[in-house]
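Engineer: This is what each chain is made of:
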Amino acid sequence: MMRLGTFIFIALLMQAAVQRPAAPDPRTGLIVGQVVDATSGKPIAGAIVSISAPSEPPAPGQRPSPPSRVLTGSDGYFLFRDLQRGSFTITASKPGYVDGSVGRRRPRGPVQPVALREAERRTNLTLIMWKYAAISGTVTDEAGEAVVRVQVRAYRRNVVAGSRRTVTSGIALTDDRGMYRFGTLTPGDYVVAVATRSVTAPIAAVRSGMFAEVRPPGTGSAIQVGDAVYGLERGTPTPALTAEGELLVYPATYSPSGGATQATVVTLTSGEERSGVDVALHPVRAVRLSGVVSGAEGPQPGVPLELIPPDSDDVGFDLAVPSTVSDNTGAFTFAGVPSGQYTLRVSARPRTRGPDGQIAQVLWAEMPVAVGRTDIDGVTVTLQAGLRISGRFEFDGVATRPVAQRLAQIPVTVEPADGPLAMLGQTPPPSVDSNGQFTTADYPPGRYFVRIGGSPQGWMFKSAMYNGRDIADAPFDLQGANATGVVITFTDRWSGLRGVVQAGQAPATDATVLVFPVDAGMWTATGLNPRRIRQARANAAGEYNFPSLLPGDYYVVAIPEDDAADWQDPKFLEALARVATRITIDEGEKKSQDLRVREVR
Amino acid sequence: MRIKALSIFAAVCFAAAHLAAQQPPRDTRPADKIGTASISGVVTSDEAQPRPLRRARVTLNGPELAMGRTSITADDGSFTFERLPAGRYTLAAAKEAYVRMSYGARRPNAQGTPVAVADGQRQRVTLRIPRGSVITGTVLDPEGQPMRGVLVSALTYRFVPGVGERRLVSAGAPSSATDDRGEYRIFGLPAGGYVISAGVEQFSVSSLDIRVVPAGEIQQALSERQGGPPQAPAQSPSAATTKANEPRRTVAYAPVYYPGTAVSAQASTVTVAPGEERTGIDIQMQYVPTAKIEGMVISAAALPQVTPVMLNSSDPTLAVDSVRVASAGPDGRFTFNAVPPGQYNLIVRPVPLGAMAGAPRPQPAAPGAVSASMYWALGTVAVQGEDLAGVTLTLQPGLTISGRVVFEGATPPAIDFSQVRVPVPPLRLAVGNLPIPSPMVRLDATGRFTIGDVIPGPYRLTTTAQGMRSPIGAWWLKSVVAGGRDLLDSVVDIRQSIDDVVVTFSDRATELSGTVTDAQGNPASNAFALVFAADSQFWFTDSRRIAGVRPDAEGRFTIRNLPPGTYLAVASADVDDREWFDPEILQRLAPLATKLSLAEGERKTLDVTVR
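In the order they appear, the protein sequences are chains A and B. Quick note: the first sequence uses my numbering, first residue 1, plus one each step. Quick note: the second sequence uses my numbering, first residue 1, plus one each step.
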């Protein structure tokens with residue numbers, strides 16, 4: 001039931017007067033700027049502009065500047081007084097707009113801190129804000145009838161580390177006219193799809209109420225198909241039932257009416273309203289896929305399974321796919337599976353540790369399955385023990401080694417080199433003991449990177465060596481046996497890169513510096529967090545800095561920040577390589593390299 | 001203050017008898033039976049020219065089936081259920097944007113008419129479901145701008161048996177949150193009248209400090225040359241100078257009801273016909289000034305470190321109260337910030353004696369009685385936007401109710417009361433629906449009982465599942481008399497300790513049985529048989545003088561242990577379970593009912609017709 005007694009509480013301080021001491025300290029900095037609309041250039045009134053606390057502590061005798069907020073007037077101007085020396089981040093927000101920030105030249109692009117000298121007055125700042133854009137449309141089925149209350153997703157497309165990726169940016173339900181709307185999209189590229197999920201449960205599990213996700217057919221939220229119960233999921237179109245009692249289901253469908261590869265890409269600019277992004281659904285034959293899950297001790301009950309379509313590398317972490325669970329004889333059934341190629345795999349891993357603190361053994365299975373137009377029975381899914389990765393930390397240098405407690409907190413991350421990203425985040429973190437020995441959880445056989453999510457103070461992550469290769473840069477094959485003896489090395493000889501970007505005779509004010517390896521083989525297939533493909537936003541004085549950059553051979557180039565969208569696309573990197581500067585960073589070297597802004601687009 | 005349900009008397013009754021027959025647990029699930037009957041048909045829209053509905057979900061349930069079934073209609077609206085064992089089945093049809101209806105029901109959420117099939121029989125039915133209505137509009141913020149993320153709901157007044165009153169409850173179509181244009185759309189509503197409410201979820205915001213900078217100041221800042229000699233800035237053109245501790249005005253978004261009131265009783269009803277789309281139901285959110293409530297809990301003895309104080313709105317139309325909690329420290333002081341205008345209850349839940357060392361022990365009311373060990377406080381406060389200070393809540397001791405149990409009959413039982421275990425269900429204080437630690441119920445060897453720590457207020461005696469009229473073994477609860485009044489027959493306002501309660505069990509009870517028939521004289525098993533006191537003073541929730549019974553497959557029913565008196569009897573297919581406690585419904589049915597009277601221990605037969 002709705003809570004009518006709840007309310008939102010806002011405290012507004014509307015002070016007409018300025019609070020200042022009568023004789024102000026003359027050594028105060030001041031920032032004045034204007035917030036403008038990205039498309040029209042017109043000032044934006046009623047935006048809340050906030051300034052962060054400064055990056056440096058106050059000088060002795062000076063009051064610290066607190067973070068504060070100002071409302072822009074009809075001319076879009078904002079003002080902050082009494083500022084000490086230091087570096088500030090200034091952001092603006094207003095309903096209907098993507099947050100803006102100083103230095104941000106693209107929606108959600110990198111920002112520039114504002115560096116203020118003692119008593120400096122900066123009066124020329126401009127903050128650009130982009131209006132949210134909107135996509136709307138109608139979902140219909142093969143009879144032209146509106147499809148009501150089904151889930152539609154907007155996926156944002158971008159390029160990360162050389163690979164095209166999509167991320168779920170919005171989820172909406174169609175209304176009684178079959179219409180949906182995404183009203184708060186950041187300008188960019190999108191595809192729209194009707195997402196469908198299905199859950200099948202064994203009849204016995206439904207009868208006993210064990211399987212909470214699928215309710216008994218008498219409630220109208222599930223239907224019996226053979227000896228399994230197929231959930232009629234909320235948000236998924238109701239399937240059709242043939243006279244023979246077979247299901248025709250609606251697969252995940254991208255606008256206008258096909259699979260992911262045929263999707264229409266909708267490019268949205270600031271404030272754009274794109275209507276008519278319709279989705280036409282067509283039912284397809286669906287068949288049964290059944291078999292047995294077995295492990296070392298025989299059939300395994302209660303194992304959750306899912307069928308992953310091949311193009312779901314691209315979609316976000318919340319996959320909408322067929323799923324089921326094995327019954328108490330180890331048998332499983334997927335009902336209502338459209339034809340196609342799938343990866344059948346165990347879907348859930350335990351997240352707990354055993355009583356001795358060791359990570360519990362996990363059983364995996366993953367196998368390709370081709371589903372055609374006839375039922376498939378007798379599939380055997382063999383559970384295998386997962387494999388672990390273990391090794392130790394080494395600290396190469398004279399700085400203080402982290403204490404045992406801190407060692408145990410170093411986040412070792414294992415990134416799959418291929419396969420659905422949905423596996424990330426489902427495994428417990430590795431255990432690290434006080435001697436710096438670490439052991440990860442179980443993983444299925446496959447190719448992986450081993451990386452570090454954050455280094456201890458004063459140390460830089462240098463390499464993860466296994467069998468003579470640095471597996472932080474290139475994946476290794478986890479097969480057949482646990483991987484032992486991985487050496488993760490930290491160094492205190494920091495290497496980095498800095499310099500100044502010039503545009504003509506003056507420093508460039510809106511440049512961004514890109515760094516990527518000379519070896520083009522390292523431009524793609526380096527997982528989500530490549531260490532050697534980096535970007536740094538130059539500040540208003542053209543200064544840029546990569547405080548930690550691994551030794552190696554790189555291309556470095558400065559381009560206008562406006563042009564930097566999706567710069568990790570390999571084709572763009574090729575073009576950049578032609579005008580970039582080649583540098584080599586040695587171990588422990590803090591290289592200095594000045595650059596000139598290049599126009600590449 | 002609302003009526004509280006006090007089920008502890010029932011616990012005493014069950015315990016005192018301790019004679020209930022023990023029944024072995026039964027496995028009530030029938031095995032899978034294969035049958036030869038079938039039920040098929042079409043689902044159509046409920047219009048003058050009905051259209052077949054495709055992709056509708058039809059459900060079939062019946063006691064003959066271990067598990068119910070679902071089917072999906074084809075493009076011509078047809079469905080079929082095969083291989084059914086002979087029996088009676090209920091069907092229902094649902095489709096998105098339509099209103100789910102049971103076969104034979106006259107309104108949504110009502111029971112339908114079962115369909116009977118014999119072996120080998122093929123039965124055809126048509127299910128008609130109405131298209132849901134739509135209510136849509138725009139929500140604006142107080143400045144007239146479209147407001148995103150506001151939750152808009154369609155509410156309707158419904159009798160809530162648990163509370164015993166009509167309240168505004170969600171109508172069954174999901175709420176709609178406004179989109180970036182401030183628009184909402186509620187669809188799938190049954191035809192009828194609705195109150196439309198708009199509210200914003202509460203979240204805590206750290207105190208904002210947003211300054212509006214006057215234009216003159218900016219101009220002046222721009223004209224100062226960078227690095228030039230500092231100039232004494234001109235004073236701000238605004239006249240008011242403020243001190244650092246100027247009180248801040250705090251505001252909140254109040255829930256607003258269409259067309260624009262914060263008081264639900266003044267809201268307009270939006271009435272929609274079946275399938276109608278009503279546009280333009282626009283609402284503007286309002287700021288309301290919020291106030292601070294400061295008060296103190298007064299107690300004769302030392303308070304514990306933390307005493308929770310609860311604040312909840314006493315808007316009588318809300319189905320669910322929202323409660324806020326503040327902590328009073330050892331000095332008893334508590335504060336509620338940012339309270340919107342309205343009427344509120346303040347509640348201090350019972351605090352045990354152990355936490356209040358040195359509290360004066362009240363005189364025991366009777367031998368064997370337990371002295372009060374819990375202290376509580378209740379108060380009301382009206383908030384109108386101005387801060388309130390000095391609100392006091394004085395802790396009071398709980399009351400004691402004690403008495404004895406009597407058996408009337410040919411052979412009174414020999415009971416060893418010391419062997420009796422007393423299950424005590426939790427008390428529910430209806431104000432704020434707050435659970436309160438169960439009072440202690442004790443029986444001594446002579447059958448005297450004592451209930452302590454009772455908070456004064458209006459009470460309604462109720463029971464757990466079986467009902468006040470059910471027998472315990474061979475004994476029937478006849479009366480609970482205190483101060484010359486039978487406490488079972490009305491709402492009881494307990495204001496002081498009572499020590500002369502007499503709970504009487506009898507081995508005789510009235511019995512009223514009969515058959516429910518429809519207008520044609522056939523037995524009707526889908527209607528409730530209702531028997532209720534002719535005197536409307538007995539019309540309250542869980543009154544033992546109101547009985548609603550579902551007859552068996554042949555339409556037969558039996559009601560036992562109605563207290564002697566005059567009654568009205570009628571049958572109705574139009575009421576939901578426990579809706580017969582709604583005085584409005586009894587009012588409507590009374591003129592259609594048959595009058596009868598019952599004397600003590602009398603058995604009577606009566607047939608009732610569905611009206």
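Hints may contain errors.
If the Cβ cut is set under 10 Å, some of the chain A residues that face chain B in the computed set are [to be verified]:
(1) Leu71
(2) Arg121
(3) Gly183
(4) Thr219
(5) Gly226
(6) Val229
(7) Leu232
(8) Val379
(9) Phe476
Derived list of chain B stretches under chain A, where covered just means 3 residues or more per stretch with a C-beta under 8 Å from a C-beta of chain A [what the hints assert, rightly or not]:
(10) 44 to 57
(11) 175 to 181
(12) 184 to 196
With a straight-line cut-off of 20 Å between C-alpha atoms, the simulated DMTMM-like cross-links for lysine to aspartate or glutamate are [unchecked claim]:
(13) Lys94/A - Asp607/B
(14) Lys94/A - Glu272/A
(15) Lys94/A - Glu183/B
(16) Lys42/A - Asp99/A
(17) Lys604/B - Asp542/B
(18) Lys94/A - Asp37/A
(19) Lys595/B - Asp507/B
(20) Lys94/A - Asp507/B
(21) Lys94/A - Asp180/B
(22) Lys94/A - Glu142/A
(23) Lys590/A - Asp553/A
(24) Lys604/B - Asp507/B
In case anyone wonders, no lab produced these hints; they're calculated from the structure. Glycine is no exception: its CB is placed at the ideal position from the N, C-alpha and C atoms.
Engineer: May I ask which of the numbered hints given earlier this structure violates, with the numbers listed in increasing order?
Structural biologist: Failing hints, ascending: 5, 8, 9, 13, 17, 19, 20, 22.
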